[in-house]
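Chemist: The residues making up each chain are set out below.
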Amino acid sequence: MSLLPYVVAVWLMGVGLYGIVTSRDLIHLVICLSVLQSSSYLVLLAIGYLDDAQAPIFADVPLGTRAVDPVVQALTLTDVVVGTTVTALLLALSVQAHKRYGTLDPQELRPERRTRTHD
Amino acid sequence: MSDRVRLGVFGVSLAGLLGLVMWAFVGLPDFGDYRGPYGDILNRVAVPERSTTDVVTAVNFDYRGFDTLGEEFILFTAVIGVASILRTLRGERTRPPDDDAAGRDVPETSLPIRVTGLGLVAPTVLIGIYIVAHGHQTPGGGFQGGVILATALLLTYLSADYMTLRAVGPNWLIELAEGLGAAGFALIGVAGLVFGSAFFENVLGKGTPGELPSAGLIPLSNAAVGLAVTGGFIFMLSEFLEQALTRRRDRRRGRGARRSA
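Taken in sequence, the protein lines are chains G and A.
In this text, residue positions in the first sequence follow the working numbering: the first is 1, and each later residue adds one.
In this text, residue positions in the second sequence follow the working numbering: the first is 1001, and each later residue adds one.
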């Protein structure tokens, strides 16, 4: 039980990588990358988790109440922001790739197979 | 390399990688057995030291404020990147915005969607501002609230059309918000240098924990980041919409035509 979050993180990493390698569509590939990255959220949050503890918010509980680690939660926020920006940039690149080559299939976009149907 | 060979090589590497990662995880303390010390120290000192009841925000905008400035500028750079990738290319023209997909007309937005969408705009704006303003007390802050605020503008696109979106959020206003927010957050850091002794030092009065005006510079940082994130997200969303709705290949002039906008 105590390893479960880490096992799930490894699983997310594995399926994300598998999706990226076998992807036949750039949009699908970007989403697979998001899945891969979500494993890092899980690892961060799991490392800071404490049994029988509350969130590190002391708005309505007295100071000194057992709480989980706020540092990794702050890091997860950074992680989410970086993930969003990477997704946005890759989607923008996918739009341009589709316009230029008329396909979203990464296999077709390989240099040796590339045919310029558009442009 | 054939697909089969590639998949084989990938399978072997993946098994190796995941094995190593799992091995690393086994060496970590058990789940639920966090041993600190930084989190425990912060949970003890953040409320008396910074008057924030949300320790995560205290970490983000005070103890680790410098890193968050970097994070903010990652977003800023990405917005610029999206804008330059999605610029009007050679051989493209800009035309009046039109909802269509490869020649198929899109049916007009139905009344229920219009009413629900427009009805949701005001509550969404309110929730967004609330999340930004109370970032130092309860979960939330500039990043989370900013994304919610950007959603409000997207609702106007869903319930009206692209031109309404442009009218409500013209480009100059969006860019102003993005720029002011990012610069404001950096200047708040400089204020620590000018009035205190370190970058991002919290030099304003701390107030009482749990009250809205408290925690010194943290609510101001949240407001600046909220502004920048709202501007940045709306800018990216409207870039994608502009791309889909107004850019077409220029068939009349074809290859080598000069950039048209």
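Rather than coming from a laboratory, the hints here were simulated on the basis of the structure.
Possibly wrong hints are sitting among the right ones.
Claimed, not checked - If you want a taste of the chain A side facing chain G, the calculated C-beta under 7 Å gives, among others: (1) 1013; (2) 1031; (3) 1043.
A quick note: this is a predicted structure, and the numbers were derived from the prediction, not measured.
Every residue gets a Cβ at the ideal spot worked out from N, C-alpha and C, and that includes glycine.
Chemist: Please write out, lowest number first, the hints stated earlier that are contradicted by the structure.
Modeler: 1
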